[in-house]
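Protein chains in written order, with this note's numbering: chain P, 1 to 221; chain S, 1 to 701.
Some hints could be false.
Here are the simulated DSS-like pairs of lysine-lysine, each with C-alpha atoms no more than 25 Å apart in a straight line [as the list claims (entries may be wrong)]:
id	chain 1	residue 1	chain 2	residue 2
1	S	Lys211	P	Lys217
2	P	Lys96	S	Lys318
3	S	Lys549	S	Lys593
4	S	Lys539	S	Lys385
5	P	Lys96	S	Lys457
6	S	Lys2	S	Lys63
7	S	Lys652	S	Lys632
8	P	Lys138	S	Lys290
9	S	Lys290	S	Lys593
10	P	Lys138	P	Lys96
11	P	Lys217	P	Lys188
12	S	Lys652	S	Lys211
No lab work stands behind these hints: they were computed from the structure.
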Amino acid sequence: MKRFLKILIAFFMLGNYNLFAVSSLFRWVQYRYEGDIQMRDAVKQVLWELVRITSVEIVEEPFYGNFDDENFFMSPFIYLTGKNVSINFRTDEKRKILSHITAGGLWLIDNSSENQNSQFWISVRKEFESIFGPGSIKPIPESDAIFRTFFLLQPDVARKFELEGIFVDGRAAVIFSKNLLQNATREKYSMRLLINIIMFSLTTDYKLDQVHQPFIKKRLR
Amino acid sequence: MKFLEITPLKIAFVSILFVLFFIFSLRSLHKAEKRWQKVLLMALRCISFILFSTAFLRLSLLKKTYSETMGKAGIIIDTSGSMFAGEGGGAINQIKKRLGELLKDFSSQGREVDLFTLDEKISPSSLESLLSIENSERETKILDSLEEFIRKMETDYDGLVLFSDGIDNSEKSLDFLKEKKIPINTVKMPPPSKKDVWIDRVEFPTVAFKKVPFSVKVVIKSEGISGWGKLKIFLNGELRSSDEIHLRKEITVVKEFTIDEEGSYLLHIVLSPFPGELTDKNNYFTDYFKVIRDKIRVLQVVGTPTWDVRFLRRFLKKNISVELISFMILRTRDDYMFFSDNELSLIPFPTREIFVEAIDTFDVVIFQNFNYAPYGPVDFLYNLKRVVQKGKTGFVMLGGDRAFYKGEYSNTPVEEIAPVRFIDVPEPYINGEFRAKLTKIGEVHPITSFLKEFIEKLPPFHTINLDIQPKKDSLVLLTDTKGNPIIIIGESEKGRCVVIATNSLWEWYFDSLLKNGFEVYTQLMQNILNWVTEDPYFKEVSVEETGEKLIITVRDKNFKECKKCKVDLKFLSPDGKIVGERNFETEGNLILKKDEIPSPSIISIQKGGSQINYPLKGKENLEFKNFEQKGKLLERIAELSGGRYFEFEEFKPEKARFLSKEKRIENWKEIKEVWTSSVFIFLFFGVIMIEWTLRRKWGMR
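Looking at chain S on its own, in the form it has when it is part of the complex:
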């Protein structure tokens, strides 16, 4: 029992009414002769007031009732790419043909149905839109999307029916099915025709080393198809191998590549399509890898041992990123020669080995006070020029009495690549005190900018070469106080060269260490090494990928932020075709939105002579990788969730398992107000009549 309209206001009203009623009743009862008559009349009046109050406050009787209804079912249809593969438009067409009939069957059972599609997620759909789907390249994520669907499900379904081929690219496990018990009936669609060829897997290093060969292993599988085909491998859009292959059930192709430049690379593999194969969408493979340098291979060729040689070697040997090959001329033709070989530890200077056989393998070649003439013909220097100009090798030349003009390098390939001309002057190499001074460019250039705070404290050099003259397009970073150039850098085609016109640089090393100061020498030489080997930090163009954006930073030759720099962008498809071009005039940074760039693609960025390729990774689509069901997935989903597994042909709605009806109870309350009952009315009016009758009988009004 419950008052349906019990509010504080009504209670107050009833209370006031009762007080007034009580006072008036008492006053009207003074005519009653006997005390018991008064009490009886008062009791009857109070009863009638209470009955009135229960009616006023709507005292009611509540009653629980039960009804049975049939819950909804959700029908989920896999509309991912694999469902469209195969003859006759794929498995999806078989579903389309039966869908209308199936819906009718559900309806005849009195069960309402909601329709959904499944690919990378589960989305609500309708019969019309399902019938109108013609094609898809989307991936199947059965477990991922089912988990999300069940977690967020608003309607309390009796069960689900999933139509799928069971090809899944999910990352989730099946455990979630045990948590929320909702029967999932799975209907396995017949697999598409088995005739297919596909790239099953590709093995390659995610990180390869510059100038170190690495291999790419391609495993190709085939079902029901054989014959000759072509396998092409592209690296950053450049065709690097093309092979005729004879297709069998499984073949493996291994190719070896060597890359000379650091950076990110897009590996794209294409297998030519075969007649009659299920799809050629799995004849492609695209992925990315990085090329880094393992160690910088440095060749140090020395004309005579000096302290400058000793400390450069010490720096290079201590540097874990350097693999050092040193050759020092410890004895010249002018020296006393009459010792047997066994008395000396000397070896002949391997001119041919260095300049013909191994020159390509070095990242940096250093000539340190080295005069080439006694050790080989000028022809060998052409090889040095070749590798430098190709951008394979950086070149550093240090001064001394055997370097530059005195080293007879005028009109040689070395003079062509060096950022200076070697000139005949009366005093090519002099001793004295030469305090170093940064030029304006030197103050901002990344090789020498750090020297700004040390330059005043550094000791003077005691030697300097004057037999050099910077070329027009070179950059002088450091001079002496009279303006004689000491560090000069420049580019020769794709290569970078540095000239250091002194052999006293070691004094900075020795001095700074003796004073326990900053290792200026080490930092300077490291920067020079990084610059000549084009460490990404020292490139004029660099690319950074952040979330949705691609930030291209462009610097000018002096490594200042570029003002109105012309930048040409080309977007290349993985097989090297130009799919888009844009030209910019930018200041500093250029920001591109990734979703505006076709992917996967290679962005070729050109700024003057500086050019880099940056591969932009697209989303990997595993849908057409192969057409095998993932480990009896549909059977397991049905088993774990309490549903049933069907082959498509044998599925009927009445065979599917849903939650039982008994459990589908909904309760509601039947309300009966007390005042509407005949007993109440009889009692109410009965009390009033008795009171009235007694009052009249006892002579009261």
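Chain P on its own, in the form it takes in the complex:
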């Protein structure tokens, strides 16, 4: 009954039937909050490229939701973006984020503002540091699997993105990027990096397996 009411409210208030169905396929899941930015066209373009280029199969419709939505945390990939609105998680929400990431989930935090001191950027970093400890956000080295899960991004290209991350169990479990989704629609390498990050969420460190190393080393400049 509670679930049915939720659907009704969502339908009438948001004008959008948006229930999360668990799937084994990749689905773009974005964290929804008051004042967020939903770049639906950009997401569609990225997903279209993903399907066109790779063997990854997807659930076409992106999902916008948060902790209130049933099964929200059953997506191992969550995208969170913003510009001028601060992000504040409650303590129980922080606990859920920690559990999700420890279980193997991946968060991509993308600053949609050109301003490096935007409210969103400062607050979201602070919130994640409060979960994983101060100083837990570190630069992601250009040798990380993220830069070679599908496309091979040369070290000089990888460095330009200035990706940062929080590492859990040796993998980047929270990735901090700057305007990645927006740039992906108009810039080749941003698109490639975004596809790599999606691939990374599905295959993790597969490309670091020994069998790939001779090929990758040969292709690196």
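Dock chain S against chain P, hints included.
Only chain S this time, still in chain P's reference frame:
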């Protein structure tokens, strides 16, 4: 001086007598005229009473005397196996010839002798039984048995004489000889003829790893013999190598072996006998080692990256007992292809490397939503079938839209080994909510029985494959609530296969972790890995050795205790010959007494299609290892104990060293009772006569 018969009763009797005597004496003395007469008579009477009492209580004089006697000697004769080796029946025969004469010599010296034999312990013997011993294969334990003999010795021997060749397999040190000083005279028997060939030592790992080559190094030594011989090496009764060797003073043979199955193995090495060698009993070597798996080598082949792939890889990568090789199809022929190689990190799918060159090296092959057709001909799947059916590799197939029938596996070798048929249905792979349910077999089978307490709480799967149909002899462990099979297991000849008809299993992993619950997924996948790789816990037959018993546990296919299961046992000698057979109809456990089984041997246990070999370790006999005296042992025994060392020919009883006679003192007591002496008799009767005379003189009666 001592009263010999002083008892409370006698003291009481004497006391009462004295009181009565005193009263009557006093009354009879009233006739005496003067007081001094009374006192004198009373004193004389008391003296006579005291003298009577000392006689009555047997007052005696004790005296120590000394005598010298000659103590006993113990003669210990080594009757272990090595004493019988060599020409003319070995060293023991030389002792037998001289033994009678030696005993006479001891006797003529006035020394008594006890005879003992020595092998693994020292036992009392006699001349007759010693002369009748014809052969022995027992080990020599000189120091072990001497220590025990001296510790428990009841007779106080003056010394011991030990006849031996000095070949010893004891573990004790010589220190005990310093504690109890008893001279041990050692007589060294001449060593047997030096012509011999023997396996001097064998180096091999006590634990080897499954599918990893290991070497066995055999060092053969020879004295006075050369020529060609044959060296055979058996593993659990199976001849694994046979080589012609050219014998020199010392040669080393190194052989390499690889074993595909875990378990205990009996290593048996046989060197052919050479003409004229001292004994061929040291041409054999038998010992045991274990084969365990180092890591399970898992090949994960993936058709497309999904969350199911991501979490299975996470489980396998985190598992320290797994060496994972993953191949994921990240791009198909249908995808956009126009990138240069340098722009991508992709490598060509190594079909040949996997399915031809390396397929034998994997313990488990996992096809996860993988359709083989675009990547190689069906011929490659025959290699997979071969290794699975040989029992070398387990096979796991997980569902998805590219698996089973949709993966075009119908009528392929994969369908032959899988526990299901791949069938054409209108909806081969569907989405929805599918709650899992354990079947009756699933509730007891070790792969899934642990799920019983969690199954109600676990989230439903969201996908299921319907394009499968379990084969007749397969076991369905898990279904959805409508009965569609989800986990199916089966055997293909010697191999084991598992089919998981969904690609939503990851939801259990992710969900259980999010709720901080039990890692159901991890446990389930670990059980599947263990089952397909035939971890000993998942075998239908298992053997446990406890003390005197061997417990064989037999389970049926569903891993329930077997009711009226037919079990065939074969006992094989180390070189693989059948030395005994038994057939049983058992329920659950079969208990065998170890001493009823010939050892060393290999017990081959067969229950239906399941068969294991279990080597039963016998007692290791080091006696014939080589014929070298252990580091001047006999000299050292003699030196430390205060005895003397002799070569056999020069030994004479009078030369042996025993404890000196002065020390052999025994004392005893000479008893002389006082009343028997003439002085006592004279004194006693003298006192009575004086008293009587005085009484008469003084006019008394």
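Item to complete: Could you check the structure against the hints above and give me the numbers of any it violates, in ascending order?
Response: 1, 8 and 12
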